[in-house]
Every structure is written in C-alpha cells, then in structure tokens.
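Chemist: Spelled out from the first residue to the last, the chains are:
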Amino acid sequence: MHTPASGPVGGEPLLELVGASRVFGQEAPVHALRDVTLQVRAGDHLAIIGPSGSGKSTMLGLLGVLDRPTEGAVVVTGHDTAALADDERSRLRGEVIGFVFQQFHLIPYLTALGNVETALCYRGLARAERRERALAALAEVGLADRADHRPVQLSGGEQQRVAIARAIVTEPRLVLADEPTGALDTVNAVLVMDIFARLAQADRALILVTHDPRIAATTNRVVSMRDGRIVSDVAQAPTPFVAEGSGVAP
Amino acid sequence: MSRFRDLLGIAIGGILARKARTLLIMLGPVVGVAAMVGAVGLTESAKGDLKARLDELGTTLITAEAGTAFGRQNPTLPADAVRRVRAIPAVERASAVAEVPGVVTLPSEGGADYFETFPVPVLAADSRLPAVLEVPVRSGRWLDRADRVNRTRAVVLGGGLADEFGLIPGEVRTIRLNGIDYGVVGVLERVPLEPNLDNAVFITQWAAENDFATEGAPTKMYVRAAPGTTEQVDAAIPVAVSLGSSDSVTTRIPSAALEASAQADRTLQQTALFAGLLALAVGGLGIANVMSISVLQRSAEIGIRRALGTTRSLIGLQFLAEALVVGLIGGIAGAVLGVGVVALVSAVAGWVVVIDLAMMPVWIGLAVGVAVLAGLYPSAKAARLEPLETLRLG
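Heads up: the protein sequence lines correspond to chains A and B, in order. Residues in the first sequence are numbered consecutively from 1, following this note's numbering. Residues in the second sequence are numbered consecutively from 251, following this note's numbering.
Keep in mind the hints are simulated off the structure, nothing from the lab. For every residue, glycine included, the Cβ atom is placed at its ideal position computed from N, Cα and C. A couple of the hints might just be wrong.
[Said to hold, decoys possible] Partial list, derived from the structure: chain A residues whose beta carbon lies under 8 Å from chain B:
(1) 67
(2) 86
(3) 87
(4) 94
(5) 95
(6) 101
(7) 105
(8) 109
(9) 121
[Unchecked claim] Pair ranges (Cβ atoms, derived):
(10) B/254 x A/79: 24 to 32 Å
(11) A/150 x B/524: 41 to 49 Å
(12) A/79 x B/630: 25 to 33 Å
(13) B/634 x A/203: 30 to 38 Å
Generate coordinates for the entire structure from the input sequences, incorporating the hints supplied.
Modeler: What follows is the structure in structure tokens.
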C-alpha cells in the first residue's frame with residue numbers, strides 16, 4: 001500500500017531510498033529493512049512511525065548516511081552513498097544532515113556553546129565566526145543565556161534544545177530527529193516540538209522518527225513501517241503538538 | 251591551518267576535561283624525562299668543578315723536557331729549542347726555563363740549615379713565561395728586558411713560595427742566593443697546571459750565567475698551542491726540537507690528567523639513563539592503557555563527532571594529538587623538574603651545575619615520541635568505532 005505524498009510536494013528531492021534492504025549478520029541474517037523505496041523532498045516534514053522492531057532505526061541509519069544498504073541505493077542530495085568513500089560520507093553528513101538524538105548526546109565536558117561549535121569544527125571557519133554562528137543557533141532555540149553552561153547544569157529540555165542548535169548551526173538541508181522528545185517531560189516536549197515546527201521550512205526536509213502519534217500529527221507526511229517495510233505513506237495537514245491530558249486527541 | 255588549530259583545540263579540550271586522569275598519565279613522561287635529565291645533570295655536575303676549572307685553564311698547554319737518553323746526566327734542551335718550536339704554525343707562544351743547580355736560597359738570616367737541606371728550585375726564565383702559562387703576576391712585575399740589559403739582580407717568587415716566605419704585597423724584600431742579595435720585584439700567581447713553578451725562584455738569564463756560572467741551557471719548555479691543535483703540536487715538538495730523534499724530548503699535556511678525571515661516571519650515567527627510559531616506557535604503557543579505556547568511555551562523543559561530519563582519520567588524529575600534548579607537557583615538566591633536582595642537589599653538595607640545555611629538545615622529543623607511540627593503538631581504536639554502534643538509535 002503505497003500512497004504518494006500529496007503535501008507540499010514539488011521541492012527538489014533531497015533523499016531517496018531505491019529498493020533499499022539492510023540485512024544484519026550472515027549466519028542467521030536479520031532482514032531489518034526489505035526493499036524500501038522512499039523519496040523525501042525539500043519542504044517535507046516527515047514522520048516515520050512504527051512499533052519497535054519495525055525497522056525505524058535501521059531506516060534512520062541509512063537516511064543519516066551512518067550506514068549503507070546491503071542492497072538497493074540511498075541517494076542523498078544526488079550522491080549515491082554506496083559509491084562514496086568513508087571520508088566522503090562523513091563530509092556529506094557534515095554538510096547536508098543535522099542530527100537530533102533521543103539521548104541528546106552532548107559532549108559532557110563542553111559548554112552549550114562548545115557543543116554547538118563542535119558541528120562547525122574542521123570547516124576552515126575563523127574562531128570568531130564559529131562562535132558567532134553558534135551563539136545565533138543557541139538564540140534560535142532560546143538558550144542564548146545558557147551558552148556557558150555545561151550539560152549537567154542544564155535540564156533535559158534545555159539539553160535537547162542545545163542539541164537542536166547543534167543540528168541546525170550548519171544550516172543542513174536535512175534534519176533527522178530520533179525520538180526527540182522520548183526523554184523529556186511534557187512541558188519540555190512542547191517546547192522542543194515548537195522549535196521543530198519552526199524548523200519545518202520549504203527548503204529543508206525534517207524527518208522525525210517516533211512511535212508517539214502526537215508527534216506524528218505535527219508533520220505533513222507520515223510513513224508507517226512494519227517488519228522492515230513501509231506499510232503506508234500518507235500526506236496530512238499538520239496539527240500543533242498537544243500536551244497529554246489537554247483533551248484533544250490527535 | 252585552521253584544521254590544525256581545530257584539532258589542537260579539541261585535543262586540549264579533551265585533555266582538560268579530565269584533569270586528574272591527565273595528570274596521572276602525564277606522570278610517566280614527567281618522571282622519565284626528569285630521571286634522564288637528572289641522571290645526566292647529576293653525573294656531569296658531580297665533576298662540574300673540574301670541568302669549570304678545565305675550561306678556565308684551557309687544554310692547550312704543552313710542556314717539553316729533555317729526554318733521559320742513555321749517557322746523559324742533567325739533560326737539557328738545545329739552546330734554540332724555543333725558536334724551533336715557535337716555527338710550528340699552530341704554536342701561539344713558547345717559553346723556556348733553565349734550572350740553575352746548586353743554589354741555596356735564603357729568605358732571611360735564619361733557617362739556613364733548613365734551606366740547605368731542602369733547596370728552593372731556582373729557574374732562569376725569559377720575559378714571556380707568564381704569557382705562555384696564561385697566569386698573571388700577583389703583585390709587582392715579571393722579569394723584563396731592562397733587568398737583562400741593566401743586569402739587575404731581580405727575582406720573582408712563585409706564588410707558593412711567596413706565601414711560605416710571608417711576603418706582604420708591595421713589601422721591599424731582599425733574599426739571598428748563594429750569599430748574593432737579590433731584590434724581590436714581583437710574585438707570580440700560582441700555576442694550577444704546573445704546580446712545580448709555585449715554589450720556584452725566577453731569575454734572569456744574565457744572573458744565571460754571571461752569578462752561578464751555568465750555561466743556562468733550557469731544561470723545560472712551555473708551549474701554548476692554538477685551540478684544538480694541542481695533540482698535533484704535541485706530536486710536532488720532538489721533530490722540531492731534535493729533527494725526529496724523538497727519544498730526546500719528552501712532551502706532556504698537563505691538562506690531560508685533569509681532563510680524564512673530569513669525565514663523568516659513564517656507567518652510572520648510563521644506568522640512570524636506562525632507568526629513565528624504563529620509566530618513560532612504563533609511562534607510555536600507562537598512556538596506552540588509560541587512553542584505551544578513555545576511548546570506550548568517550549564512544550558517544552566519538553559517535554556524535556562522526557555524525558557531525560568528522561572523518562575517521564580526524565578522530566584518530568584527535569586522540570593522537572591528545573597523547574602528543576600529554577607527552578609534550580609532561581616532557582617539559584619533567585625537564586624542568588630534572589633541572590630543579592640537579593640545581594638543588596648541586597647547591598647542597600656544592601657542585602657546579604652542568605646541564606646541557608641543547609639536549610632538552612631531545613629528552614622532550616623522546617617523551618613526545620613515546621606518548622605518540624602509546625597513543626597509536628587507542629587512536630586507531632577510536633577511528634575504527636562505528637558511529638551507528640555508539641549512538642544507540644531508536
């Protein structure tokens with residue numbers, strides 16, 4: 001069951017999975033992903049949903065160029081990732097993709113500013129410019145006044161917002177978020193989802209991997225997965241993130 | 251360039267993040283380098299006063315005496331020996347003394363018995379002797395041309411003899427040589443390389459010939475070679491003096507013995523150096539060990555950096571740079587510590603501190619080398635980590 005997305009289609013294709021499969025192990029192979037074809041365009045605000053074991057994480061690894069398919073192709077902004085050397089794939093990640101993880105993955109010994117600046121290392125930027133851009137990204141997530149704080153001095157929500165600032169400071173065409181509110185309480189989840197709503201822009205694709213239907217509801221396209229396959233791909237009108245217990249069902 | 255700066259910045263950040271651990275693994279290079287600097291410094295400084303003295307005295311003085319060939323008693327050098335030796339190109343200065351035998355020196359009326367039993371050597375000297383010895387006149391003046399021309403009965407006393415006679419500087423003093431009064435015109439400073447001269451009385455060639463009826467043939471010659479040519483001049487002197495019958499002239503380099511005793515104890519030095527190297531090697535193992543654990547603990551950091559676009563090789567280089575900085579700072583600290591220990595021990599023991607600062611880059615470089623070598627394995631391990639495995643997706 002394959003329904004073409006009918007949302008704000010028409011943006012250039014940023015990401016394509018063409019018959020992609022991913023098999024783990026050789027003696028007892030696990031087919032984590034089976035023959036998946038998916039196209040993500042600029043302007044897509046996409047949720048990938050499904051129960052655990054459905055292949056979401058494997059999918060995320062492929063989409064994020066952290067992994068390569070055992071069969072088929074993953075094409076990111078025109079580059080076939082299978083044909084790229086390891087270093088080229090690293091650079092492609094750095095240039096095109098911004099990651100947000102459930103566990104934030106901030107570097108504990110760096111300040112919020114230092115963590116955001118990490119994304120700008122090895123890019124030939126002057127220190128002042130790097131700092132300026134990192135501060136701007138922190139301001140965008142409302143944490144300009146927390147620049148000197150270390151992760152342990154920040155709440156979970158603040159840490160996740162620092163992580164978002166780190167993901168967007170390179171101005172990536174593609175933002176990948178893995179259960180971005182999974183480790184947050186409702187109040188912080190609302191704040192974070194607000195930021196994601198702002199990040200959904202016409203020249204960018206935003207992909208949220210989640211099992212939370214309330215998050216899926218904030219997107220304009222929902223891809224459902226089960227057993228390593230895409231079972232549905234539907235366009236929808238995004239609705240704002242609603243906190244639990246507010247009485248409005250998604 | 252900015253990449254290198256980024257790399258160094260990240261490495262230093264990583265090091266500063268775990269200060270206690272960094273200090274701990276820095277101990278290896280610190281102790282190793284301190285031991286090596288201390289080993290060399292202490293063994294050299296133990297002989298430092300001799301070395302300093304050698305520097306002061308120089309190693310270019312050569313003495314030549316007539317050889318004791320068969321059938322010759324009281325051997326002397328040819329009368330023109332000094333002139334011949336001066337013809338050697340590398341010779342800067344030369345002078346000769348002639349021993350005047352059978353002269354009893356009396357510093358005062360009393361003590362005649364003593365000075366007859368233990369006679370003071372009397373030497374006929376030329377005007378150049380102090381310049382060749384590079385020893386100043388302590389007081390008064392040296393025998394000069396005027397003494398020879400005017401036939402004055404002037405003597406200069408050796409430094410030791412002047413002390414023995416209780417001569418007060420500037421004092422007008424007459425001493426008696428075989429009953430003839432001589433005026434003391436000066437005192438020669440002590441000659442560390444030729445202590446025989448300290449107890450001698452120096453008179454002019456004229457006085458030797460006139461008052462004591464000797465021919466005044468030179469018995470001993472002092473030759474100053476140009477720096478670095480001592481051995482060469484030493485070999486050339488017998489040829490110049492006696493046209494190759496080398497058994498007739500015996501040469502000696504008075505500083506050679508001093509030079510030998512100023513040599514540091516090589517065995518001790520090597521043992522201590524080896525201990526330092528061992529400490530450095532063990533320290534290297536410590537760095538490798540702790541950094542390997544550190545790579546595991548920092549796998550999330552490595553994963554996120556890889557996700558953010560850092561290549562494998564840059565991740566490896568980051569850890570290698572951390573090892574390098576640990577080795578560099580540890581090495582510098584060790585060098586400072588080693589120098590401090592040498593200075594302290596030397597101050598307590600009253601030694602002259604001898605430290606070859608030109609070797610410091612070598613010691614520090616050794617520490618850096620060991621640290622980088624130790625960092626290779628953890629760095630390779632860090633570079634091999636798969637970001638997907640360290641980030642725990644989903």
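Chemist: Hints first: check each against the structure and report whether it holds.
Modeler: Each hint, compared with the structure:
no. : hint                      : verdict
1   : 67                        : 5 Å, holds
2   : 86                        : 6 Å, holds
3   : 87                        : 4 Å, holds
4   : 94                        : 2 Å, holds
5   : 95                        : 7 Å, holds
6   : 101                       : 6 Å, holds
7   : 105                       : 5 Å, holds
8   : 109                       : 3 Å, holds
9   : 121                       : 5 Å, holds
10  : B/254 x A/79: 24 to 32 Å  : 28 Å, holds
11  : A/150 x B/524: 41 to 49 Å : 45 Å, holds
12  : A/79 x B/630: 25 to 33 Å  : 28 Å, holds
13  : B/634 x A/203: 30 to 38 Å : 36 Å, holds
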